[in-house]
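Residue numbers (our numbering), protein chains in the order written: chain A, 1 to 94; chain B, 95 to 347.
Keep in mind the hints are simulated off the structure, nothing from the lab.
Just to be clear, a hint being listed does not mean it is correct.
Said to hold, decoys possible - To be clear about the criterion: a stretch of chain B counts as covered by chain A if any three or more of its residues have a C-beta under 8 Å from a C-beta of chain A, and this derived list gives those stretches:
{"id": "1", "stretch": "157-164"}
{"id": "2", "stretch": "244-251"}
{"id": "3", "stretch": "321-332"}
To be verified - If you want a taste of the chain B side facing chain A, the calculated C-beta under 8 Å gives, among others:
{"id": "4", "residue": "A213"}
{"id": "5", "residue": "P233"}
{"id": "6", "residue": "G304"}
{"id": "7", "residue": "S307"}
Every value quoted in this text rests on a predicted model; they were computed, and no experiment measured them.
Ideal placement from N, C-alpha and C gives every residue a C-beta, glycine not left out.
Listed below are the residues making up each chain.
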Amino acid sequence: METIAISAALAVVALGALAVVVSRDPRRQTIVVSAWGLSHVVLFVLLQAPDVALAALVIDTFVLPTITLLALAKVAGWAREHERRQAERQENGG
Amino acid sequence: MKRSVHRVGFGLALLLLGIVLVVAFVSLEDAEASKGPLAAAIDGVAPPVTGAQNVVAAVLFDFRPLDSMLEELMLLAAVLGATALLRPSPDEDAGGEGGDEWGSFAEPASALLRAACGAGVVALVILSVHIAVHGHITPGGGFTAGVIASAAAGLVYLVGNHPVLQRIAPAEAIQVVEGAAILAVILGGLVPLAFDAAMFENLLPPGTRGEASSAGQVPLFNIAVGIAVGSGITLLVTEFVRQTDIIREGRVW
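Pulled out of the complex, with its shape left as it was, chain A reads as follows (with noise of 0.2 Å):
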């Protein structure tokens, strides 16, 4: 049983990091990969290692997908301001 269980959450891990891959948006990539650590958590559960269970646990649901978040908002407002900066810099050469 429990062979079949470790198993099966080693699958779901591999096709979680297929998803993570697959998916092209970093906004979106963020919730995957948070929701890939999770499966991660109930391998950790299988494997009989609570403490790094616990963790992961924190650290993929909240400090990875925040941080990496707020760093894409920063970029995103970045990106924005060029695209304002080269619009008004097109405005005033024609």
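Fit chain B to the given chain A structure using the hints.
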């Protein structure tokens, strides 16, 4: 069309994950049966010597506390680096005095969200204290407790935005707490030297296995590390939030 397909797929994936988690807990077998020689050796030594029920905590803060201390210093270095990189540049108005303007652009959170997050903050704080204090008995410990505590700060940001977080837990105060906690870990390691013992040697009595005040120095280090990690990651998230807020405000650019 494509969007809804994505959502259904994501929902199905989460459902599958939930099913696997239930199966995981149901199919857990007695750990004794699958224990390897190394696990058997550590399990035979750690609890009688240290008095800690949780062997991982015994290894972290009794067998190799120096490594654990260096891990905390690593986290400190990461927080310092992020704080230095994310500090406001001269052309940015960090809003030192006009900080109260930051909240103006954000939509106010609904009453339901506020109530849910308030309850969540209380639950997370209680959980983190529980995990830190019982780290030597049950799974968990200082690091996990610290990250859970910083998740409470994240919830505050979710409802109240940066000004509320700054009012409840000012970054300047968190910096002091972070430094003090790490200093406590280092000094805690130096104290045994005064008693002719090795650095980080566990001089406190091991006590009765399974009791809250057992395992000597292990619970003390769990608490100190919990405070250090909690304030460190809160600081990290606060710095990122502050930077993003400046941009969303649109004043900088």
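Against the structure, the hints:
1. 157-164: It is violated, with 0 qualifying residues against the three required.
2. 244-251: With 3 residues closer than 8 Å to chain A, the stretch 244-251 of chain B meets the three-residue bar; holds.
3. 321-332: As far as the stretch 321-332 of chain B goes, the hint holds, because 3 residues have Cβ atoms under 8 Å from chain A.
4. A213: Violated - the Cβ of A213 (chain B) stays beyond 8 Å from chain A, reaching only about 17 Å at its closest.
5. P233: Interface hint status for P233 (chain B): holds (3 Å vs cutoff 8 Å).
6. G304: Hint on G304 (chain B): violated, closest Cβ of chain A at ~16 Å, above 8 Å.
7. S307: 21 Å, violated
In this structure, the hints that do not hold are numbers 1, 4, 6, 7, in rising order.
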